[in-house]
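Engineer: Listed here are the chains, written in short residue letters.
There are 2 protein chains.
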Amino acid sequence: MQNGKKLRIEDLGEFGFIARFSRHFLKKLPPGVLGIGDDCAVIPWKGRKKLLVTTDLLIDGVHFLKDRISALDLGYKSLAVNLSDIAAMGGNPRWAFLSIAIPAETEIAWLDEFFRGWRQLARRTGVDLLGGDTTKSRGGLVLNVVILGEADGKHLRYRSSARPGDIVAVTGNLGDSEGGLRLILKGEEKGRIKPEEKYLIRRHYRPRPHLEEGRFLAGQPEVRAMMDVSDGIDSDLRRIMERSDCGVRVFLEQLPISPALKKCASRYHWNLDEVAVAGGEDYCLLLTVAPEKFTGLAEKFFRRFGRPLPAIGQIAGEKNRLRYFRDGHQVELKKSGYDHFRTE
Amino acid sequence: MQNGKKLRIEDLGEFGFIARFSRHFLKKLPPGVLGIGDDCAVIPWKGRKKLLVTTDLLIDGVHFLKDRISALDLGYKSLAVNLSDIAAMGGNPRWAFLSIAIPAETEIAWLDEFFRGWRQLARRTGVDLLGGDTTKSRGGLVLNVVILGEADGKHLRYRSSARPGDIVAVTGNLGDSEGGLRLILKGEEKGRIKPEEKYLIRRHYRPRPHLEEGRFLAGQPEVRAMMDVSDGIDSDLRRIMERSDCGVRVFLEQLPISPALKKCASRYHWNLDEVAVAGGEDYCLLLTVAPEKFTGLAEKFFRRFGRPLPAIGQIAGEKNRLRYFRDGHQVELKKSGYDHFRTE
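These protein sequences, in sequence, are chains C and L.
In terms of the working numbering, the first sequence has 328 at position 328, counting the first letter as 1, and numbering is strictly consecutive.
In terms of the working numbering, the second sequence has 300 at position 300, counting the first letter as 1, and numbering is strictly consecutive.
Only chain C is shown next, with the shape it has when bound in the complex:
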């Protein structure tokens, strides 16, 4: 056996995998149907209405640590990360399907808490759990969540509509979730912790899907491309570049960073740029806006949500080139986004 010579998944990485296998998804689809390449698949429904579909597979040891996260938070978060994909398209979530593979030694009380956390968010967002699948797991806990949502076809926003000159903006602070994760992995959550540490950990365990922001922004004609920040803006912007056939310039001094993250980064000597750019799971929205309309949009956003809409960069014509600047000078950042296939 010459296994060493055979090409394996770990040799490809996630982007390589998607590039290689996307041909299985890219057969000619009927008009109005969108397959892979965006936050949700899109299927014609009735009239202008479209059906949105998104799915996420969450595995113990890869996407969460079952012995660290509480069942309550895991229930909440498994739903939240999927709702964020619906938010990214400007849609309304409606129905959920939950598949769960459960280790035999799992306590019923743990599952009760899991469903309690799920329901906290499901009620607030009007999502009905319609079905799924349950099975035992011989390994760890496995979750697969599917959300069906709806959107007005005129108000859908895709990753593929960015144009050179567009302002790139985000609807929330960057890096908080990664900061929280770093604290969790250091074991900080267990001792007596400071309020800013508690805040970051909560941001990691309890991300808020920006559903209202997504629907509001998708209704504004000056908003061109939109997606959610799931793998860190470094990875996520590359997806917009690829789909919109463009480049991006990011102005690091403009990234919105919470006071809590600043404090912790200083205390623990974290590289703030790296945390904000390569950290994932903030689940705010990343959008591009017609430049002449940006100020007006930011004002409308402020009136509606009581907080600013920070501009963090600009779409450029140079294809597939993501460049970082600080105070007008280009800088190189070491780390890029999370890869679901490579082992750290």
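Some clues are possibly wrong.
Identical chains share a label here; the pair holds if one copy fits it or two copies do between them.
Derived DSS-like pairs (lysine-lysine); straight-line CA-CA distance at most 27 Å [as the list claims (entries may be wrong)]:
1) K66 with K6
2) K46 with K28
3) K263 with K319
4) K154 with K46
5) K28 with K49
6) K262 with K194
7) K319 with K28
8) K319 with K334
Quick caveat, the hints were computed from the structure, so don't treat them as lab data.
As the structure is a computational prediction, the values presented were derived from the model and not from experiment.
Dock chain L against the given chain C, drawing on the hints supplied.
Structural biologist: For chain L alone, coordinates are given in the frame of chain C:
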């Protein structure tokens, strides 16, 4: 820690789990929406058209053995078992979503074969793969398949519509898949095997979803309840009993058994009743039919498909009681259906 006293998943079993957690699914749903309890969830689409949704989580070591089944067959079968749920409602499958957690050492060639097997069936059944999720797995291979389908609301068939007196019938032979599995677990597939053994193994690895049969039967008003045979008729009939609030009598001498299974059962001293009744994964359809119309339906079925529609039992008024008879005498069968939670 008094872990021994805490209630665990393995103590509940699958039916207990579903009974306990179904309340999370059973909140009041809008009119026309069907949640758990049938082969698919049902959502209003446009006019009389309904959207069907089904999902299955498939785990290495629980639902398949990755080092035994070929990648080609696994790709085919992961799609087939989900299409069978659409068949069971009388629907047309349209779109698929595949989530896959892949061990890092998986060879690309293996995945190519997996997708080739998937496509063989997807093309034939007109199913487009619209998306999913990919991630690395720290344990074994995990697959989650979602199928969206459509059906005319007038022609949907549920598990809940069986009535006392209905004839119970199946659209294919029972026990072939379980026979094939037994041969595989004995290692018979590796040596030179007899044609009837090859046949059973193929029936296990390559089940054919009865989509045409499902659509045809759902169009006949005399067909009342319908579902697919996935866990063995002993388990599956209990689901019809529960949903339709009735009992069932099964006449063992009427069960359709293939000549191949008979030969192998005799060769390896298998209990044929047990294989046919408790063996799962045949993926034919199980239906109940208005008794006065059954003969006519069986004739129409024969004209359309060139094979009989065997009657195997009758719906009874005695609630939740499944009884087996042979030649008019009641018999006790030892084994009941597969439980996804208990360890063998």
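Engineer: Does each hint fit the structure? Answer for all of them.
Structural biologist: Against the structure, the hints come out as follows:
In this assembly of identical chains, the alpha carbons of K66 and K6 lie at most 27 Å apart only when taken from different copies (18 Å versus 33 Å within one copy). Proximity of K46 and K28 under a CA criterion of 27 Å is satisfied in both settings, with 22 Å inside one chain copy and 24 Å between copies. Taking identical chains as interchangeable, the C-alpha atoms of K263 and K319 are never at most 27 Å apart, the minima being 37 Å within one chain and 66 Å between chains. With identical chains, the CA atoms of K154 and K46 are at most 27 Å apart both within one copy (13 Å) and between copies (19 Å).
For the homomeric pair K28 and K49, the shortest alpha-carbon distances inside one copy (22 Å) and between copies (24 Å) are both at most 27 Å. Taking the shortest alpha-carbon separations for K262 and K194, only the intra-copy value of 14 Å comes in at or below 27 Å, while the best inter-copy value is 71 Å. Proximity of K319 and K28 under a CA criterion of 27 Å is satisfied intra-copy only: 26 Å inside one chain copy versus 50 Å between copies. Within a single copy, K319 and K334 get their C-alpha atoms as close as 21 Å, which meets the 27 Å cut-off; across copies the closest is 67 Å, which misses it.
Comparing the model with each earlier hint shows a violation of hint 3 alone; every other hint is respected.
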